[in-house]
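Novice: The residues making up each chain are set out below.
Number of protein chains: 4
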Amino acid sequence: MPTLKPAKLGLRTRLFQLIFESDTRIAKAFDIALVILIFLSVAIVMLNSIDEYHERFGEVFYYTEWVITVIFTIELALRIYCLEKPGLYLKSFYGVIDVLAVLPTWLVLLFPGAQVLVVVRLLRALRLFRVLEMMTLEGEKRLLWGALVRSRHQIGIFLFTVIMLVTIFSSVLYLIEPAEAGFTSIPKAIYWGIVTLTTVGYGDITPVTALGQFISVAIMLVGYSIIALPVGIFSAEVIRALQRERYSNEACPGCGKHRHEQDARYCKYCGTWLDEETPDPRRKAKSPEA
Amino acid sequence: MPTLKPAKLGLRTRLFQLIFESDTRIAKAFDIALVILIFLSVAIVMLNSIDEYHERFGEVFYYTEWVITVIFTIELALRIYCLEKPGLYLKSFYGVIDVLAVLPTWLVLLFPGAQVLVVVRLLRALRLFRVLEMMTLEGEKRLLWGALVRSRHQIGIFLFTVIMLVTIFSSVLYLIEPAEAGFTSIPKAIYWGIVTLTTVGYGDITPVTALGQFISVAIMLVGYSIIALPVGIFSAEVIRALQRERYSNEACPGCGKHRHEQDARYCKYCGTWLDEETPDPRRKAKSPEA
Amino acid sequence: MPTLKPAKLGLRTRLFQLIFESDTRIAKAFDIALVILIFLSVAIVMLNSIDEYHERFGEVFYYTEWVITVIFTIELALRIYCLEKPGLYLKSFYGVIDVLAVLPTWLVLLFPGAQVLVVVRLLRALRLFRVLEMMTLEGEKRLLWGALVRSRHQIGIFLFTVIMLVTIFSSVLYLIEPAEAGFTSIPKAIYWGIVTLTTVGYGDITPVTALGQFISVAIMLVGYSIIALPVGIFSAEVIRALQRERYSNEACPGCGKHRHEQDARYCKYCGTWLDEETPDPRRKAKSPEA
Amino acid sequence: MPTLKPAKLGLRTRLFQLIFESDTRIAKAFDIALVILIFLSVAIVMLNSIDEYHERFGEVFYYTEWVITVIFTIELALRIYCLEKPGLYLKSFYGVIDVLAVLPTWLVLLFPGAQVLVVVRLLRALRLFRVLEMMTLEGEKRLLWGALVRSRHQIGIFLFTVIMLVTIFSSVLYLIEPAEAGFTSIPKAIYWGIVTLTTVGYGDITPVTALGQFISVAIMLVGYSIIALPVGIFSAEVIRALQRERYSNEACPGCGKHRHEQDARYCKYCGTWLDEETPDPRRKAKSPEA
Chain A
1 MPTLKPAKLG LRTRLFQLIF ESDTRIAKAF DIALVILIFL SVAIVMLNSI
51 DEYHERFGEV FYYTEWVITV IFTIELALRI YCLEKPGLYL KSFYGVIDVL
101 AVLPTWLVLL FPGAQVLVVV RLLRALRLFR VLEMMTLEGE KRLLWGALVR
151 SRHQIGIFLF TVIMLVTIFS SVLYLIEPAE AGFTSIPKAI YWGIVTLTTV
201 GYGDITPVTA LGQFISVAIM LVGYSIIALP VGIFSAEVIR ALQRERYSNE
251 ACPGCGKHRH EQDARYCKYC GTWLDEETPD PRRKAKSPEA
Chain B
1 MPTLKPAKLG LRTRLFQLIF ESDTRIAKAF DIALVILIFL SVAIVMLNSI
51 DEYHERFGEV FYYTEWVITV IFTIELALRI YCLEKPGLYL KSFYGVIDVL
101 AVLPTWLVLL FPGAQVLVVV RLLRALRLFR VLEMMTLEGE KRLLWGALVR
151 SRHQIGIFLF TVIMLVTIFS SVLYLIEPAE AGFTSIPKAI YWGIVTLTTV
201 GYGDITPVTA LGQFISVAIM LVGYSIIALP VGIFSAEVIR ALQRERYSNE
251 ACPGCGKHRH EQDARYCKYC GTWLDEETPD PRRKAKSPEA
Chain C
1 MPTLKPAKLG LRTRLFQLIF ESDTRIAKAF DIALVILIFL SVAIVMLNSI
51 DEYHERFGEV FYYTEWVITV IFTIELALRI YCLEKPGLYL KSFYGVIDVL
101 AVLPTWLVLL FPGAQVLVVV RLLRALRLFR VLEMMTLEGE KRLLWGALVR
151 SRHQIGIFLF TVIMLVTIFS SVLYLIEPAE AGFTSIPKAI YWGIVTLTTV
201 GYGDITPVTA LGQFISVAIM LVGYSIIALP VGIFSAEVIR ALQRERYSNE
251 ACPGCGKHRH EQDARYCKYC GTWLDEETPD PRRKAKSPEA
Chain D
1 MPTLKPAKLG LRTRLFQLIF ESDTRIAKAF DIALVILIFL SVAIVMLNSI
51 DEYHERFGEV FYYTEWVITV IFTIELALRI YCLEKPGLYL KSFYGVIDVL
101 AVLPTWLVLL FPGAQVLVVV RLLRALRLFR VLEMMTLEGE KRLLWGALVR
151 SRHQIGIFLF TVIMLVTIFS SVLYLIEPAE AGFTSIPKAI YWGIVTLTTV
201 GYGDITPVTA LGQFISVAIM LVGYSIIALP VGIFSAEVIR ALQRERYSNE
251 ACPGCGKHRH EQDARYCKYC GTWLDEETPD PRRKAKSPEA
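Residue numbers (the UniProt record's numbering), protein chains in the order written: chain A, 1 to 290; chain B, 1 to 290; chain C, 1 to 290; chain D, 1 to 290.
Be careful, since some hints might not be right.
Which copy is meant is left open, so a pair is good if it fits within one copy or across any two.
Below are the SDA-like pairs computed for lysine to any residue, each with C-alpha atoms no more than 20 Å apart in a straight line [to be verified]:
(1) Lys188 / Ile44
(2) Lys188 / Val116
(3) Lys85 / Ile168
(4) Lys188 / Tyr53
(5) Lys91 / Val116
(6) Lys91 / Leu110
(7) Lys188 / Gly58
(8) Lys85 / Gly10
In case anyone wonders, no lab produced these hints; they're calculated from the structure.
In isolation and in its complexed conformation, chain A is listed as follows (with noise of 0.2 Å):
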């Protein structure tokens, strides 16, 4: 992600600080008044969903929503133009995700019923995130993001293969079963077949015919312990990352060998001393015997 540098205005550098930056004590400040809006209109579009609570306060549910939209829309006009490239922020992540969250009031006007949609602004309390990140666990999260991120390939085969299996037993059921059991097509035979694969098991459509039985048992099984397969991925993607995490890269001067931790300064093997940037401090304690 390109780098978003800030205007070298006056006005805008400082807006920059208080909008993007979270180190000093009133941008910190902003972040948090930022996230507690956010989770207020949040519940507000929630609790507007329950119709008790939509007839009592509807209309005070109303104006707070629109209110906090209008801060929105304001806070968006303000990041755009502190910026000094705006088109790079309106393409990230966060970018996509502050439009998002202002859109679905602004969306009303013209489609009653989108301001549902509004909860897409939880996506922005991601940023709160951010600001504990900087205090701790950003190495572990890389380190677990890292395992995510190259165990991607192999959990996408899984899932695959996984569907796959699930469409071809779905269509068998669709065959065995009868409509009434609520195998009424095979798009609803596959909802079927990934509701028991995943143990989620509703029941809304469930087998009737003793083949039909049989035939789920194997799903059940197959699902029951096919999710070995992307915990172990994961996991030994995990330590796999530890692993390399514990170990230098780098060869021994003296002896040649690798596998020495990354605090180590002496080899084990051999006792060379490892860090070349900086002198052996023995050496100098002999110097002056020689």
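Go by the hints and put chains B, C and D onto chain A.
Specialist: Same frame as chain A, but now just chains B, C and D:
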């Protein structure tokens, strides 16, 4: 936690040893009697909640319950009496539980129905572990507990992200699905979302539209695969804790630092020869030169 | 388990080899015939429980069942006859199963309906593993079984804590939810709690109040995440067992270092010959030179 | 699998390269066209199973299906034509799938309804992996597949034991529960048992008696905890495979054996100095003696 010191009076000291410690024979008998009373009391509340038993044995249950409560209240009074700083005890984990275990029955005098809360007494049975632990598995419990504590941030982030995504997807389903399917409000839709993601799948609310079922399937597959994350995180922490065990506990005779691998021959920090039982091969090599 | 020694009489010894051992050809045939009879017998009980088959083949099933029971009874008598200490056998795991396998059909003479218990015979099929094991995977099974045994305390504590928490939360739901929702007593509420925590989620009892659904969601999230604990515990034990297996416990006689792999013949650190029972082949090669 | 050799004729060789290989541009285009046709064909079968679409587009679907089947049949004929030993191909995994992919539509002429089986064509999409794999993740797939193959015995024993226990418990529930609860026969009870143990929990059959619910709870807790076993087994196999990676791939210059750890300095089998770039310290020590 500050340690709880007994008062110096003879009676109070003996009471302290009986109630708080468990190394003498009579103190152990006291602990076991307590645990039996706890389970008896909980069993009574449970059985009393079954109409049939309530009608037949209601009165027996009522009086037994009061007898046990009086015993527990006396025990609590003695606990407070025999400590020098009862305030610390009342604010500690077990102190709070001990008070909570006694309160419900007394509260019944004010609010009928509260006696069900007597099941809180079950938490007192945790004392049982304290007794058992002294004999075994202290080390392993610490290892697991440590792994749990160290992975709490990551599992917290995991749960927060999961709940956020569920909220957004559930709101979409609230828009799509008709109210008759059970999606009557966003909080209800979120309830459904978590029932689905955690693969519980009651089936009291199920999507009926094709689009809704398609999104549900996505949530299920995510919920099914994503379990790999907390498992991987926790496993990695356990393995990390085990590897820490791999290091020898001995300090380097040169610099006093720890964390040398079991098979290291030279200190990785200062290069000192670690194996005190055999001579350093470097010494030999240098002595003829001298 | 004390070993079962055969009597010294010719016939009894030969019977012992036929029935208890499985290294001769005929003894293997005997084992396989037994397993086939076991599965046949279980299949009959199953089919007999289906009304349709019971009506058509009820009598055939009845007589076959009796024939198999008589064969198993004779076999049991021979087992007792050919052992010197039949008491030990009857108290052993397989002895108990052998008696249980025969009892139900005889009990039917007293209590009609008991023949369903004939499925206990399935446990006799565990003998099959004894036959298969001799050829393969003895080592791996021991490794896994050892890991299971060593993690039993921790998984026990895990289950106890889980059940305790479920009991407390379920009692709260019993208070909150109306009886019409299915929460008619605390034991029923606990049944619901475990159905929820284990993510089974039948849906026969579901919360209907907002507060009840909120607490349910908490139980679900706990149940979904907490599975990481037994998995992590068990995985750690397996890994620990694997690491213990890989290294021999003996130190190198040359440099005193540990952590040599089981199949190593020379110390990987100093090149010393590790196998003290046979001479070093390098020595031999050098002696003529001397 | 025996390798499939192309016939030596020019046309057949070129056909072979087009159809079986995927390293030229046109061969890749052929593969992609094939995959598109597969997905198109499966999509048609799915949509056709939905009444609404069947009524509107039934005829279009019918003819498209036949066109695709004819294309696949010609492709199959060409595959057979361009191979020297088509018998080997027809008996291979992909050969069987290719025939199965063509059969259902032709079978429809004999048995109406069979065209649903066209979803078997999805298995042809596995070829897609062959194309993708060539570029990446061959090594990692082999690692996981190897771990899966090596843990198949243990997971087999795990599943057998689980099914045996479920059978026994389910039979007990068949005895206890009234037929109205859904436990109409032992096979049906086993279906319920596996639905419960795998935590699918449809809720179409649920226990209604107190004792039945108590036993169900036991099955659920076992099913919930026991998942740790296949996960642990598989994880252990993956970790074992990763550790094997830890060994250097180089053979000992003395005895030619492999499996030396990355940090070993002497061959653990014959004691030869492994690091060819630096001299053996033992040599130095001995040369002055000579």
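Novice: Determine for every hint whether it applies to the structure shown.
Specialist: To see whether the hints hold, each was checked on the structure:
Taking identical chains as interchangeable, the C-alpha atoms of lysine 188 and isoleucine 44 lie at most 20 Å apart only when they sit on different chains, with a minimum of 15 Å there against 35 Å within one chain. For the homomeric pair lysine 188 and valine 116, the shortest alpha-carbon distance between copies (14 Å) is at most 20 Å, but the shortest distance inside one copy (28 Å) is not. Neither within a single protomer nor between protomers do lysine 85 and isoleucine 168 lie at most 20 Å apart by alpha-carbon distance, with minima of 51 Å and 30 Å respectively. Taking the closest pair of Cα atoms, lysine 188 and tyrosine 53 come within 20 Å of each other only across two copies (14 Å); inside a single copy the shortest separation is 36 Å, beyond that limit.
In this homomeric assembly, lysine 91 and valine 116 never come within 20 Å of each other (Cα to Cα): the closest approach is 24 Å inside a single copy and 45 Å across copies. Proximity of lysine 91 and leucine 110 under a CA criterion of 20 Å is satisfied in neither setting, with 25 Å inside one chain copy and 58 Å between copies. For a Cα distance limit of 20 Å, the shortest separation of lysine 188 from glycine 58 across copies, 19 Å, qualifies, whereas the shortest one inside one copy, 38 Å, does not. Taking the closest pair of Cα atoms, lysine 85 and glycine 10 come within 20 Å of each other only inside a single copy of the chain (17 Å); across copies the shortest separation is 60 Å, beyond that limit.
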